[in-house]
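Guided by the hints, dock chain B onto chain A, whose structure is given.
Number of protein chains: 2
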Amino acid sequence: MLPKTLEWKDDRLHILDQTELPYRVEFIQCRNYQDVAEAIRKMKVRGAPAIGVAAAFGLYLGIANSQEKSYDEFLMEFTRAERELSQTRPTARNLFWALERMRNVVEKTRSRSIKMLKELLLKEAKAILKEDQDLCQKIGENGAALIEDGDKILTHCNAGSLATAGIGTALGVIYTAKGEGKKVRVYADETRPALQGARLTVWELTQGGVDVTLICDSVAGLLMRKKMIDLVLVGADRIAANGDFANKIGTYNLAVLAKAHGIPFYVAAPYSTIDHSLKSGEDIQIEEREKDEVTHLSGQRIAPNGVKVYNPVFDVTPHQYVDRIITDQGLFKPSAKGKNFLDRGE
Amino acid sequence: MLPKTLEWKDDRLHILDQTELPYRVEFIQCRNYQDVAEAIRKMKVRGAPAIGVAAAFGLYLGIANSQEKSYDEFLMEFTRAERELSQTRPTARNLFWALERMRNVVEKTRSRSIKMLKELLLKEAKAILKEDQDLCQKIGENGAALIEDGDKILTHCNAGSLATAGIGTALGVIYTAKGEGKKVRVYADETRPALQGARLTVWELTQGGVDVTLICDSVAGLLMRKKMIDLVLVGADRIAANGDFANKIGTYNLAVLAKAHGIPFYVAAPYSTIDHSLKSGEDIQIEEREKDEVTHLSGQRIAPNGVKVYNPVFDVTPHQYVDRIITDQGLFKPSAKGKNFLDRGE
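Chains as they are written, first to last, in my numbering: chain A, 1 to 346; chain B, 1 to 346.
Calculated directly from the structure, the hints in this document are not laboratory data. Any given hint might turn out to be false.
What the hints assert, rightly or not - Below, a list of computed lysine-lysine pairs in the DSS-like style, where the Cα atoms sit at most 25 Å apart:
#	chain 1	residue 1	chain 2	residue 2
1	A	Lys226	B	Lys291
2	A	Lys291	B	Lys226
3	B	Lys178	A	Lys308
4	A	Lys227	A	Lys182
5	A	Lys226	B	Lys279
6	A	Lys4	A	Lys178
7	B	Lys182	A	Lys308
As the list claims (entries may be wrong) - Far from chain A, some chain B residues (derived; all Cβ distances over 12 Å):
#	residue
8	Arg12
9	Thr79
10	Gln87
11	Leu99
12	Arg103
13	Arg185
14	Arg199
15	Asp230
16	Thr295
We put the CB at the ideal spot given by N, CA and C, even for glycine.
With the rest of the complex left out, here is chain A (with noise of 0.2 Å):
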């Protein structure tokens, strides 16, 4: 059984701690908006869509409790939230898009009283987090219609029920597959640094039932050369216009040895992921996190110290190495001429 990773109950938002797992299974219980962006900012929720899921409860519980009369300081009060919510991660599209969409709801109405306001923002809280679980539905179904019975999936970091308010993206579709009653055997690559390959893609899909075996990242291309792999999937944190696709570090690796070996690959993400305003992936800005990822693990060191280190935490992947981009509005096929890929494939 799958746990719930996020999940707004008695005025606040719960959320499944991903930094204890695979140890502990344990809920925070964030009762203003700093505890959710700090939630974000460490990691304890992650996956883009979970963060835009997360970022929306943030920004109600930024106002829930406003003593303020006027509809100025109440925007003053949402848009600091808002500012705090919005620096915790700079590369995951459904985060910006999440505080977008509040921020709709606010300007829309200014003319409603606070109270209503508030009533307003947090029933968009609650139906974004519902609309992320009937994505997920509808990217499984989607998506399951690639995979055949006996397939071989490799996947990277976690596009699963941890990186959403549902079933996940990427393994939406190997659930959904399975629940189709098609047999699959899953290849997670650990996903170094912050290992969500070991600690919770493999977690999960054990929960989920899936027969799973974890790999180190850079077994990837030895598996493929002895045909153990049938198609690699994988989720997106940002995708732009013409379908290049920031995803964890690894992705672009493991796309070019798909094309090397003519496997297939694939991308499963909400449609909202999709950035219009970026032509190409040359503008994603990637994130870079702290050395101590790299040259510490569970608190212990694992380099010399002062070494020099080179951590970004995307890469992106050029649409020219994507076969199918899985949406819950259909499959997409990027355009060989790369100028929009949202010409429907085949």
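The following block gives chain B in isolation, referenced to the frame of chain A:
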């Protein structure tokens, strides 16, 4: 200053314990062949050339205190040590090559006294060590011709002084280029699961005064795409007659990535790493190690209990991906026909 990885002193083999690096610089003293076999098996000494040198001294230690008077009984003791040492690691060509050299001494000189045989075997082990140091120098000189001032070099695992009795193979090339006044910059893959890059390569390059930056194995593609890598330089554990070669898992990933980005890919190894009995890499036996290497780090669990793991230690890179094989006997270019790479290139 580079430390002494292997040293024969006071009738003992002194081995720098690489499982303690980079935390502690500690030497273990091997007094018998079991000590040496244990050190190889537990990767206290690792790297194909260093394993060969250690095994040669291990074999000598196996008969150094023999009380046998007859050649046949002496040979039984020799064979017992030889068998145990040969079963420590299956892939490194140099291990078997060194053991064969020691056996040749015994078989060629069966007419001599046991005392004389012991002396000849010690002499042979010392010769293997000295030759390894000389080979490293020559590999360094031959390879440095391929390095230009300002080059940014990507390396994987540890093919350095810690992997040999000398200055190393791939890293020996870098030290030599630096000695020639060329400024180079190295990116070192951390090299999961055993982290030889993070623990060893970064440490020894720093000792050797080389500018080094640590990256996760998954970062290579991004670096190449950003034109931050001018060449890839790795070692080899075993090279087939056609130029296919086995090296640390992840090497093949780098080779495919390098080709896709038009980046030269060089392999540095002693000529003795070539196994002329192997027509191609298809026949190279690949060692699989325990799943604990992937699921645990410094005794700490980093994946769920009971997870399935696939943990191959090496992969095989076909000769088509190799631009030059740098040996002590010169530079070789694998033939496009794949028959025999020993035609010298250009």
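Would you check the hint for Lys178/B and Lys308/A, treating anything up to 25 Å between C-alpha atoms as holding?
holds (19 Å)
Under the criterion that the straight-line Cα-Cα distance not exceed 25 Å, is the pair Lys182/B, Lys308/A satisfied?
holds (20 Å)
With d taken as the least Cβ-Cβ distance between Asp230/B and chain A, does d exceed 12 Å?
Asp230/B is indeed farther than 12 Å from all Cβ atoms of chain A, at 16 Å.
Claimed clearance of chain A by Arg199/B, with the beta carbon kept past 12 Å:
violated (7 Å)
Please confirm whether Thr79/B is truly not at the interface, meaning its C-beta sits more than 12 Å away from all C-beta atoms of chain A.
holds (35 Å)
Please work out if Lys226/A and Lys291/B have their alpha carbons no farther apart than 25 Å.
Answer holds: Lys226/A to Lys291/B is near 20 Å, not above 25 Å.
Regarding the assertion that Thr295/B does not contact chain A, is the least Cβ-Cβ distance greater than 12 Å?
Since the minimum Cβ distance to chain A is about 7 Å, Thr295/B lies within 12 Å and the statement is violated.
Has the given pair, Lys4/A with Lys178/A, been kept, meaning a C-alpha gap of at most 25 Å?
holds (20 Å)
Decide, holds or violated, for the assertion that all CB atoms of chain A are farther than 12 Å from the CB of Leu99/B.
Correct as stated: the minimum Cβ-Cβ distance to chain A is 28 Å, above 12 Å.
Would Arg12/B pass as off the interface with chain A, using Cβ distances and a cut of 12 Å?
Arg12/B clear of chain A: closest Cβ-Cβ about 28 Å, beyond 12 Å.
Any Cβ of chain A at or closer than 12 Å to Arg185/B, or is the non-interface label fine?
Given that some Cβ of chain A is not farther than 12 Å from that of Arg185/B, nearest at about 10 Å, it is violated.
Distance restraint between Lys226/A and Lys279/B, which requires alpha-carbon spacing of 25 Å or less
Answer holds: Lys226/A to Lys279/B is near 19 Å, not above 25 Å.
This entry does not satisfy hints 13, 14 and 16, going by the numbered hints stated previously.
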